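Q: Now for the letters of each chain:
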Amino acid sequence: MTQLPTFTKKKLGLVIDLDTCVGCHACVISCKEWNTTSYGAPLSDVDAYGADPDGSFLNRVHTFEAKQEGCSAQTVHFPKSCLHCEDAPCVTVCPTGASYKREEDGIVLVNEDHCIGCGLCAWACPYGAREMDKVEGVMKKCTLCVDRIYNENIPEEDRVPSCVKTCPAGARHFGDFADPTSNVSILSAARGGMDLMPAIGTKPVNKYLPPRPKADITPELDVLGPLMAQDETAGGFIGWLDRTLERL
Amino acid sequence: MHPAPSVIIFTSLSGLGFGLIFWMGFGLPAVNGMIVVAVFATLGLGLATIGLLASTFHLGNPQRAWRAFSQWKTSWLSREGILAVLTLITFFIYACLWAFLDIRIAALGWLSSALAAGTIFTTSMIYAQMKTVPRWNVSSTLLLFLIYSAAGGALLAAQMQAAGALLAILAVVQVLAWKQGDYAFAKAGHTIETATGLSALGKVRLLEKPHSGTNYLMKEMIHIVGRKHSAKLRVISIALMAIIPATLILALDAGHIIAALAIVLHVAGLFAARWLFFAEAEHVVGLYYDQR
Ligand code: SF4
Ligand code: SF4
Numbered sequence: 000m001t002q003l004p005t006f007t008k009k010k011l012g013l014v015i016d017l018d019t020c021v022g023c024h025a026c027v028i029s030c031k032e033w034n035t036t037s038y039g040a041p042l043s044d045v046d047a048y049g050a051d052p053d054g055s056f057l058n059r060v061h062t063f064e065a066k067q068e069g070c071s072a073q074t075v076h077f078p079k080s081c082l083h084c085e086d087a088p089c090v091t092v093c094p095t096g097a098s099y100k101r102e103e104d105g106i107v108l109v110n111e112d113h114c115i116g117c118g119l120c121a122w123a124c125p126y127g128a129r130e131m132d133k134v135e136g137v138m139k140k141c142t143l144c145v146d147r148i149y150n151e152n153i154p155e156e157d158r159v160p161s162c163v164k165t166c167p168a169g170a171r172h173f174g175d176f177a178d179p180t181s182n183v184s185i186l187s188a189a190r191g192g193m194d195l196m197p198a199i200g201t202k203p204v205n206k207y208l209p210p211r212p213k214a215d216i217t218p219e220l221d222v223l224g225p226l227m228a229q230d231e232t233a234g235g236f237i238g239w240l241d242r243t244l245e246r247l
Numbered sequence: 000m001h002p003a004p005s006v007i008i009f010t011s012l013s014g015l016g017f018g019l020i021f022w023m024g025f026g027l028p029a030v031n032g033m034i035v036v037a038v039f040a041t042l043g044l045g046l047a048t049i050g051l052l053a054s055t056f057h058l059g060n061p062q063r064a065w066r067a068f069s070q071w072k073t074s075w076l077s078r079e080g081i082l083a084v085l086t087l088i089t090f091f092i093y094a095c096l097w098a099f100l101d102i103r104i105a106a107l108g109w110l111s112s113a114l115a116a117g118t119i120f121t122t123s124m125i126y127a128q129m130k131t132v133p134r135w136n137v138s139s140t141l142l143l144f145l146i147y148s149a150a151g152g153a154l155l156a157a158q159m160q161a162a163g164a165l166l167a168i169l170a171v172v173q174v175l176a177w178k179q180g181d182y183a184f185a186k187a188g189h190t191i192e193t194a195t196g197l198s199a200l201g202k203v204r205l206l207e208k209p210h211s212g213t214n215y216l217m218k219e220m221i222h223i224v225g226r227k228h229s230a231k232l233r234v235i236s237i238a239l240m241a242i243i244p245a246t247l248i249l250a251l252d253a254g255h256i257i258a259a260l261a262i263v264l265h266v267a268g269l270f271a272a273r274w275l276f277f278a279e280a281e282h283v284v285g286l287y288y289d290q291r
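So the sequences go chain by chain: A and B. 0 is the number of the first residue of the first sequence in numbering that gives the first Met the number 0; add one for each residue after it. 0 is the number of the first residue of the second sequence in numbering that gives the first Met the number 0; add one for each residue after it.
Rather than coming from a laboratory, the hints here were simulated on the basis of the structure. Every clue listed holds true.
Calculated pairs, DSS-like style, for lysine-lysine (alpha carbon to alpha carbon, straight line, at most 30 Å):
{"id": "1", "chain 1": "B", "residue 1": "K208", "chain 2": "B", "residue 2": "K186"}
{"id": "2", "chain 1": "B", "residue 1": "K227", "chain 2": "B", "residue 2": "K130"}
{"id": "3", "chain 1": "B", "residue 1": "K208", "chain 2": "A", "residue 2": "K31"}
{"id": "4", "chain 1": "B", "residue 1": "K130", "chain 2": "B", "residue 2": "K208"}
{"id": "5", "chain 1": "B", "residue 1": "K130", "chain 2": "A", "residue 2": "K9"}
{"id": "6", "chain 1": "A", "residue 1": "K202", "chain 2": "B", "residue 2": "K72"}
{"id": "7", "chain 1": "A", "residue 1": "K164", "chain 2": "B", "residue 2": "K208"}
{"id": "8", "chain 1": "B", "residue 1": "K72", "chain 2": "A", "residue 2": "K9"}
{"id": "9", "chain 1": "B", "residue 1": "K218", "chain 2": "A", "residue 2": "K31"}
{"id": "10", "chain 1": "A", "residue 1": "K202", "chain 2": "B", "residue 2": "K218"}
Not close to chain B: a few residues of chain A, all C-beta gaps over 12 Å, as computed:
{"id": "11", "residue": "K8"}
{"id": "12", "residue": "I148"}
{"id": "13", "residue": "E155"}
{"id": "14", "residue": "D157"}
{"id": "15", "residue": "V159"}
{"id": "16", "residue": "T180"}
{"id": "17", "residue": "N182"}
{"id": "18", "residue": "L186"}
{"id": "19", "residue": "A189"}
{"id": "20", "residue": "F236"}
{"id": "21", "residue": "R242"}
{"id": "22", "residue": "L244"}
{"id": "23", "residue": "R246"}
Since the model is a prediction, treat every value here as computed from it, not as a measurement. Every residue gets a Cβ at the ideal spot worked out from N, C-alpha and C, and that includes glycine.
Using the sequences plus the hints, can you model the full thing?
A: Structure representation (structure tokens):
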């Protein structure tokens with residue numbers, strides 16, 4: 000049913016720490032591995048070893064550079080997957096009812112047996128979180144590993160999304176945002192968890208933690224400045240070398 | 000957005016078909032005789048149906064297309080499907096009675112017209128609702144689709160005076176729509192900084208794509224190549240679609256040859272305009288790829 004629930008008992012989602020992510024893409028691979036073998040159709044690859052490879056992924060890591068006038072640039076690795084929006088436009092546009100948001104935990108899913116592969120939901124998502132599978136002709140998206148988090152056949156510590164379990168840097172956290180005392184709520188509150196493109200009104204559940212201020216990039220935090228300044232009139236061997244080279 | 004030729008051709012044609020149905024619902028052209036009515040009605044039904052059928056070819060799983068009638072409560076695509084089928088059925092009955100029994104039930108005709116107008120409206124809403132595509136997410140999208148169909152339908156229904164006037168209006172609406180669309184993205188205020196939330200860190204640019212090749216998102220939503228010539232195409236499309244046919248009709252005595260020429264020009268211009276409608280539309284997901 001494509002009517003959004005007015006209230007979900009839980010709001011399961013992720014906190015993604017842009018300060019900690021090292022851009023290793025391990026989450027991309029583990030996501031592909033888990034989701035190609037479980038929920039729904041496998042995530043196909045087309046021409047995987049050829050000249051024009053293309054395939055479906057539910058999670059992708061972009062790398063951005065941010066630069067302020069007069070400061071050095073900063074690299075930010077940016078994992079992106081479905082944000083399980085509270086006001087999910089991808090759900091309401093779906094003509095078949097294949098897309099839905101669960102009342103019990105807020106997870107946004109596609110029932111692949113009902114999906115006709117019209118692609119309208121992918122148009123409606125601002126974040127590029129839905130990809131049509133070339134081979135199966137159905138829409139694929141992050142399931143928040145719904146087949147892991149409630150799975151009693153796997154050890155309890157594994158009952159988190161595959162990307163969270165895999166991340167070697169601990170940049171991804173899973174929990175319930177409806178509970179103000181949960182790990183994700185506390186982390187998000189402490190570190191200024193933010194929404195992507197808030198003006199578009201999707202009310203994402205997933206939160207992104209902005210990179211912490213860095214000393215050499217944030218002008219007010221000029222910790223290294225004095226040390227760098229000394230360097231210019233360095234003494235000792237470097238100073239001698241500098242002066243000698245200058246004279247040549 | 001990716002301008003797939005088949006989508007452009009078939010959405011344009013089905014718009015014309017529903018436009019013709021709209022006029023025929025009012026008993027126009029005011030013809031009698033089985034053959035004439037049947038020819039006009041078949042044209043309307045045929046064009047509208049081609050569009051509908053063709054849209055199912057683009058589905059990943061067309062065998063389940065019937066499910067698309069189920070979500071009318073929230074989905075404009077679902078509403079479009081339902082209204083389109085209702086229009087076709089109503090009009091089919093109305094046209095059969097008119098052609099074969101020479102009974103034209105006015106109320107049934109008005110109902111077909113209203114349903115046809117409703118179908119066109121729902122089509123326009125599929126695009127106009129997309130907040131992710133600011134160029135579409137404007138009021139002129141609604142007006143534009145209605146005028147396309149009304150003007151094209153009038154041409155096909157041989158309502159030359161009305162067609163001339165509507166084509167002139169279409170030219171104005173089209174220019175306004177392009178103008179409104181040109182500012183829409185900036186007005187919506189989405190930038191790579193709001194997309195990434197990194198504005199506090201300064202100017203943001205993409206350093207590395209998430210993948211070396213392409214993907215569904217880039218193929219479907221990011222279309223930069225074709226836009227190079229959009230200024231020229233705008234002139235060509237509006238001249239062919241509206242200005243030249245309107246001038247021909249209003250300035251010359253509208254005989255069969257002029258009418259046929261006007262239709263051919265209009266349809267060619269309409270294809271170009273529909274191509275631009277997709278090719279010029281920028282999806283916000285392009286911000287994550289630093290490409291729009
Ligand atoms: S991120 Fe995209 S796919 Fe996921 S719920 Fe939000 S709009 Fe839908
Ligand atoms: S692609 Fe599938 S899930 Fe998406 S809108 Fe179409 S039918 Fe619904």
